[in-house]
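Visitor: Chains as they are written, first to last, in the working numbering: chain P, 3 to 239; chain S, 3 to 239; chain L, 3 to 239; chain Y, 3 to 239; chain C, 3 to 239; chain R, 3 to 239; chain V, 3 to 239; chain W, 3 to 239.
Any given hint could be a false lead.
What the hints assert, rightly or not - Just a sample of chain C residues kept apart from chain W, beta carbon distances all over 12 angstroms, derived:
no.	residue
1	Ser49
2	Asp54
3	Pro64
4	Leu69
5	Arg71
6	Pro75
7	Val79
8	Asp81
9	Ala106
10	Leu108
11	Pro178
12	Ala218
13	Ala220
14	Ser226
What the hints assert, rightly or not - Partner residues aside, some chain V positions facing chain R, computed with beta carbon under 7 angstroms:
no.	residue
15	Leu136
16	His137
17	Asn208
The set of hints was computed from the structure by calculation and includes no laboratory data. As the structure is a computational prediction, the values presented were derived from the model and not from experiment. Backbone N, C-alpha and C define an ideal beta-carbon position, used for all residues, glycine too.
Number of protein chains: 8
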Amino acid sequence: MDQKSTEVDLGYARIDVDRAARTGDAEVVYGAGKTPAQIVGAMRALSQAHPDRPVLATRLSPEARELCRRELPGAAVDDVGRTATLGPSAPRTGCVAVVCAGTADLPVLRECATTVNVFGAHTDEIVDVGVAGLHRLLAQRDRIAASDVIVAVAGMEAALPSVLGGLTGLPLIAVPTSIGYGWHMDGLTAWLATLNTCAPGVLTVNVDNGFGAGVAAARIARRSLSSLRSLGAEPDA
Amino acid sequence: MDQKSTEVDLGYARIDVDRAARTGDAEVVYGAGKTPAQIVGAMRALSQAHPDRPVLATRLSPEARELCRRELPGAAVDDVGRTATLGPSAPRTGCVAVVCAGTADLPVLRECATTVNVFGAHTDEIVDVGVAGLHRLLAQRDRIAASDVIVAVAGMEAALPSVLGGLTGLPLIAVPTSIGYGWHMDGLTAWLATLNTCAPGVLTVNVDNGFGAGVAAARIARRSLSSLRSLGAEPDA
Amino acid sequence: MDQKSTEVDLGYARIDVDRAARTGDAEVVYGAGKTPAQIVGAMRALSQAHPDRPVLATRLSPEARELCRRELPGAAVDDVGRTATLGPSAPRTGCVAVVCAGTADLPVLRECATTVNVFGAHTDEIVDVGVAGLHRLLAQRDRIAASDVIVAVAGMEAALPSVLGGLTGLPLIAVPTSIGYGWHMDGLTAWLATLNTCAPGVLTVNVDNGFGAGVAAARIARRSLSSLRSLGAEPDA
Amino acid sequence: MDQKSTEVDLGYARIDVDRAARTGDAEVVYGAGKTPAQIVGAMRALSQAHPDRPVLATRLSPEARELCRRELPGAAVDDVGRTATLGPSAPRTGCVAVVCAGTADLPVLRECATTVNVFGAHTDEIVDVGVAGLHRLLAQRDRIAASDVIVAVAGMEAALPSVLGGLTGLPLIAVPTSIGYGWHMDGLTAWLATLNTCAPGVLTVNVDNGFGAGVAAARIARRSLSSLRSLGAEPDA
Amino acid sequence: MDQKSTEVDLGYARIDVDRAARTGDAEVVYGAGKTPAQIVGAMRALSQAHPDRPVLATRLSPEARELCRRELPGAAVDDVGRTATLGPSAPRTGCVAVVCAGTADLPVLRECATTVNVFGAHTDEIVDVGVAGLHRLLAQRDRIAASDVIVAVAGMEAALPSVLGGLTGLPLIAVPTSIGYGWHMDGLTAWLATLNTCAPGVLTVNVDNGFGAGVAAARIARRSLSSLRSLGAEPDA
Amino acid sequence: MDQKSTEVDLGYARIDVDRAARTGDAEVVYGAGKTPAQIVGAMRALSQAHPDRPVLATRLSPEARELCRRELPGAAVDDVGRTATLGPSAPRTGCVAVVCAGTADLPVLRECATTVNVFGAHTDEIVDVGVAGLHRLLAQRDRIAASDVIVAVAGMEAALPSVLGGLTGLPLIAVPTSIGYGWHMDGLTAWLATLNTCAPGVLTVNVDNGFGAGVAAARIARRSLSSLRSLGAEPDA
Amino acid sequence: MDQKSTEVDLGYARIDVDRAARTGDAEVVYGAGKTPAQIVGAMRALSQAHPDRPVLATRLSPEARELCRRELPGAAVDDVGRTATLGPSAPRTGCVAVVCAGTADLPVLRECATTVNVFGAHTDEIVDVGVAGLHRLLAQRDRIAASDVIVAVAGMEAALPSVLGGLTGLPLIAVPTSIGYGWHMDGLTAWLATLNTCAPGVLTVNVDNGFGAGVAAARIARRSLSSLRSLGAEPDA
Amino acid sequence: MDQKSTEVDLGYARIDVDRAARTGDAEVVYGAGKTPAQIVGAMRALSQAHPDRPVLATRLSPEARELCRRELPGAAVDDVGRTATLGPSAPRTGCVAVVCAGTADLPVLRECATTVNVFGAHTDEIVDVGVAGLHRLLAQRDRIAASDVIVAVAGMEAALPSVLGGLTGLPLIAVPTSIGYGWHMDGLTAWLATLNTCAPGVLTVNVDNGFGAGVAAARIARRSLSSLRSLGAEPDA
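Model the full structure from these sequences, guided by the hints.
Guide: Here you go:
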């Protein structure tokens, strides 16, 4: 196949339809700053080029989600995580525990979980386990330990990754969020906290970047030894 | 008594020897930026003006501590907390639990505890209760709950105040410290974390300001109802 | 009682109705980012679970306050402090002086004062005592000294806590506010000032965090020795 | 076994000798801020408590490395990475490609590689593949693709992780370093770059934190499917 | 000619119509913060004062572009680059390659390219050559090398100038953009990256400043030796 | 006189000996970053060019002050303010009150006061009037009001200018200093405070810039109406 | 006169009607954050309390200016400077040159000039003298030198105060503005520039604070020796 | 020629001896962080590989310059610019005016000028033309206008590039320096100023980066039309 044929020209963008072959990942439309029509057009083009693979769109406005529902009948649209998915489900191996403290972090958690699924791994979503209520967190300890990799979504002072990091030796990705009550410098507080955690080996991504954490977590989970085990299980919420 | 007589002129500084009468506190010599001789001179002048009250000096260099030992025979000098205390002990009522995660935070914890004692309250020092080892922290829960006010000294991501704040309804003061492994902007990380804690009602002071936290904690403890109880107890380390 | 029964599931959030038992505090609904319906629903659920205790909602939009007035007949709604309170008054002991420089700081002062009352202490609100008009501040000196703890709400350069800290030895909490005329970095100026005050023992909370200061002040006041005295007094505005 | 027996008291610190059992990791002595004698003492105590496991010490000063050489005969000391390792090698499965642009980043790369080995995975170190000399980087493409996880150590503008992220779908950890020629704010430039990479799924740690990246990479590699394959290979430099 | 006659007074501004004589450049109306009527008025005045030279207006709102179309019949209006040009084309010598990674950077690229043309040089616009798809960039290498100066427009982590700087010895101007997915501090990330590039000799301008880069690039290109050659070529898109 | 003759060439610098004629000010040697020999050489050259005017050198190291004492017999050297003055006194008119809170601010106050004198105005130095001891400040109120302009030198939270600004309508210059106990960002706290003061009309200079404030204050004082009065008075310390 | 009678209670604020007696200044209503009705009410109350003095209101919204025009017949309303003035003109002595580079800085210049007039000094407004067109600035040199004090209003890189400071020895106040084309951090660039000027003795105020500069400049000008001269002149625009 | 033969392996570094062939530039050894012996070794290796081309070393410590003098007999060592040059002079075409305000900026100016010469262009160094002494700058106007490109080195508020940009239409590169008297954030002030200049088309490099500016300026000058003219002239200092 020659170089040219890996791209689809939509007029407003050339889409690289062969990226998955190079990296093993799904194709993604980043919705922020695009019109609903551009998003739907890009999703359709990518889906037609690769009918055997899912297409994910993220950061969709209410208008974009509405148009996806109307124009892309088979699409799964998530209003909390602001995503749409088109095409067949990806086969899933390995499991990612996606954990957060409260309802304010749910949009980031959902964006992450959907990304994990589209990129080929199972998810186990665990909400309401903030460090100011330790009994709830400790009650979920075994469930978390059963996964291949943990994504801890945390705003405010972002203490959750540190506490989780002391309870487990699993790969652990922290997603700082821009959630807070006062002067937190748009998430800088949570970001600095995740980078300065006293628990060794915690990895991090940009503020509110549930998508990036999901891509990385899926890559780790689907090549995990324990993923052999998890092929039968379906913990996804 | 006229205005003039409340001050002692040492040549390099006029010392206000009547501050305690206005605020109820001890007199303090802030040692940073002063020569050992200036520190010793200031302590002696304050002690002579008020032989019935203790004098505290903080942030002492090794040389200043050495001179205090040599020139002020009755002084109690603490090499960890970098303090010296001269004169009679203050009567103590109420108890402050001073808590930290590890040995790196000890200098700030010791500065705080000595300040609490000099300003008239008991202390209970609890070290090595970091959030990455929750079992240690939970094991000290009852001991912490027995105090009138908690001072939580914490560096790095400073998750300790948040976890403590979920375990108790006592007044809680967080002291962020400049301890960290990587890029933490000289304690800004810990500082922001203590101000953005998800546990309501946590108070904070400046980075590494064990003295300030100690003054505030003593003021709270010594006017506490439970201080009636604590007059007999002596938990100070 | 088992673990489960301490939570109420509202669909969009699980509410911890037993927090007060652990910490001695009231239950609070943080209104920012929630719909009016969610706020009213959460207040009603908490009030039904604990009909003997007040429920506080903060940071309410005009729409949320309107719905509280319509749907929660017994609720006390404060348009300045942007709060609503439901249920019986908490018994009050001890007194908090809540002080600010001018009308621009009133919303934060009111949020703080209502929180103090709901968390079980009296309040004495003192407005218009900025440092650029010292005679006003000095005229209120005795009134301030009669409280158990002071909350000083201050924007701009936030000099008020420093001046108060030199006039009294009471526990003193500074609330920096985001009020200012020019480039003040959203309250960073006031925040830095309160943390660098030359008066020892000043405690601080996040910018505009009247709620957090109120929780802390009430905890200090209600366990204060002098609270024995204040049971008869009613200085609340 | 009771709680107490998992700690060794050295006078200046209580060492938690059972951490590995909880997390599956080795024990580590963080050398910065400790005296050479304290470091040697801590390494010896941990090694005696667990003679079957390696002990790693990081951020060692020249004096500390000298004392390790003299007092701990079996220790492997690395002057570039500033580490010392004591005890038997850990069994290794899976392989981490540790990549950097130039000699200035070597200390961080070596700290990372040694950590990976001690935490149980093989390493393949690839130096001098900066983006300003693309031909060198492209020449190593197959070698990098043969690993289970990549650690990209990069200072200045830190473009390396982005370029690598476009060439592979492997898990990829970026370590920003404080290396630079001009005003780079102590590594903030590299740090921001790694968090804003245009390649999806890049994870990051704090500036210069080769240790943290090594812990995370080893955890991912040693539970990787392809680690079955790598048991025979020995690419470590 | 006296001093006065070089200015045109429009009531709301005195316009310096002789600037070009001093610097050799065209006249420019910076549209941000001006009303559509003010912009059209200023363009007309400048064009009448110098009917032999083009007038450029930048940062035009949709309303301003609409009015330009209606009121200035001969004007060329660009909705992507948000510019309008009035009057005869400037003679062009030398060629500027204007390069960017993706569609999000197109507005800045177009503003830059139009500025280059108005200030007297040819342009060759090359889009979609981001570093995460190296094969695209390498495919355009010869085309880029055929110019006199390169302008690299790059957002996010802005790795493009570094990679280009390693492939060529041409004068190279980086334009960091405020394009990004997460916490990038309004373009600070890209800005810092362009200033810390590992490729020597990269010049930079302010974030999103396509105009400034265009002015500088045209000045370099039109006095370039190779501009003798380029007089016949017309690579402008 | 031709252009050339206004400069003296010392080899390492051309000195502009005619600046005073243009601005009415004295000549100044900024000592930071210069060797003692360079400083002495520059002072001598300026003094010989204008034997009727004083020469001021600022920010002198101990070594530079020592050399000034040895090589410039008539020089007045101030070890607190780190200045040296050579040549005849300037005639003085008008009076500047230079005020600070404590001994830590003395070096900046002295640099300012000496500058005021050299630039032709009287000074009245008032030390130890911090806002945490209001009675001291109020006791000096009349003395401050008797000057033509006030310079308020203040570190930490820098509340002094605000309080002074409420007590007087005189021109008021604040000099923030880098004095502080904790995290104050090298004087940013004081700087922001002086710029956000609630007292209208407060002017400010850079952190620790006693020299700049002195130049400005002298310019204001010596052209003041009341300077007619002050010609006989000599309040300088 | 007793304390009470110096204040007027409007319900939403107590207004200090005796401030002018203490500081010699006019009374001012800061309009930002107040409703049009509150502003008009405050102006009227202050004017009635002191019918012999002008009242100034600043930072007025279009709606507030409209209401001032309708409700306060004698008020002078300035739509550029966003101010309203009520009552008799203040007597003026001394003259302030208010200078800026371009039309973008006009609102700040007008706010400043009106404040100067209300606070009792003449003004000479000089616009369009930016440093990128030196000939314009040099042409106004004598006019500037004829004033008692200069206010230089400057945005972007704020080079104007430095250039002016080299041309004159008059008191000079810089007002940095938030005007800029690219990434200038809301005026931080201009602010830092004015504080780091190479011309000695430049004073500064907060970003865009034309009011503060005007108060200070008037205080300097009206007590200036040359104000004797200026009583006859009327340079105000 | 195969890939390998373009590199020389020195044990501690592989040196790319063929970079010049790719980019047309000289080879450079960045001296910061290297030992004197490593620097001398690298210079010798590069010089032997390309005896027909100069080798430049920058940021040399006094010790490194001493060793260069001793070990590399033909080397030209500059103590002000901290550079050493080895091998034959590069042929020079075109001319760069390198301009600065004062002696404090000389090290950066000299580093830049030497780099320009080594990279193949003439230089004209013009010192002491700060904006606070406009007459000096205007006196050099014709000399500056005779060059092909200007490098303006400027610290403090960095107003020089703006003033120069208004006087000329030549390509103009600003080098902000970390020179300043007070709080300037290590050159951030100058950096922001150069990026926010009101003169269009000013390019910039990192703080103190005389080398980078020199590389860029030489690339522009040596391909300049006027370089045909300048082959005979020798303005280099």
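Visitor: Now, for every hint given, state plainly whether the structure supports it.
Guide: Evaluated hints:
{"no.": "1", "hint": "Ser49", "in the structure": "19 angstroms, holds"}
{"no.": "2", "hint": "Asp54", "in the structure": "17 angstroms, holds"}
{"no.": "3", "hint": "Pro64", "in the structure": "24 angstroms, holds"}
{"no.": "4", "hint": "Leu69", "in the structure": "24 angstroms, holds"}
{"no.": "5", "hint": "Arg71", "in the structure": "25 angstroms, holds"}
{"no.": "6", "hint": "Pro75", "in the structure": "27 angstroms, holds"}
{"no.": "7", "hint": "Val79", "in the structure": "21 angstroms, holds"}
{"no.": "8", "hint": "Asp81", "in the structure": "23 angstroms, holds"}
{"no.": "9", "hint": "Ala106", "in the structure": "22 angstroms, holds"}
{"no.": "10", "hint": "Leu108", "in the structure": "22 angstroms, holds"}
{"no.": "11", "hint": "Pro178", "in the structure": "10 angstroms, violated"}
{"no.": "12", "hint": "Ala218", "in the structure": "4 angstroms, violated"}
{"no.": "13", "hint": "Ala220", "in the structure": "8 angstroms, violated"}
{"no.": "14", "hint": "Ser226", "in the structure": "5 angstroms, violated"}
{"no.": "15", "hint": "Leu136", "in the structure": "17 angstroms, violated"}
{"no.": "16", "hint": "His137", "in the structure": "19 angstroms, violated"}
{"no.": "17", "hint": "Asn208", "in the structure": "4 angstroms, holds"}
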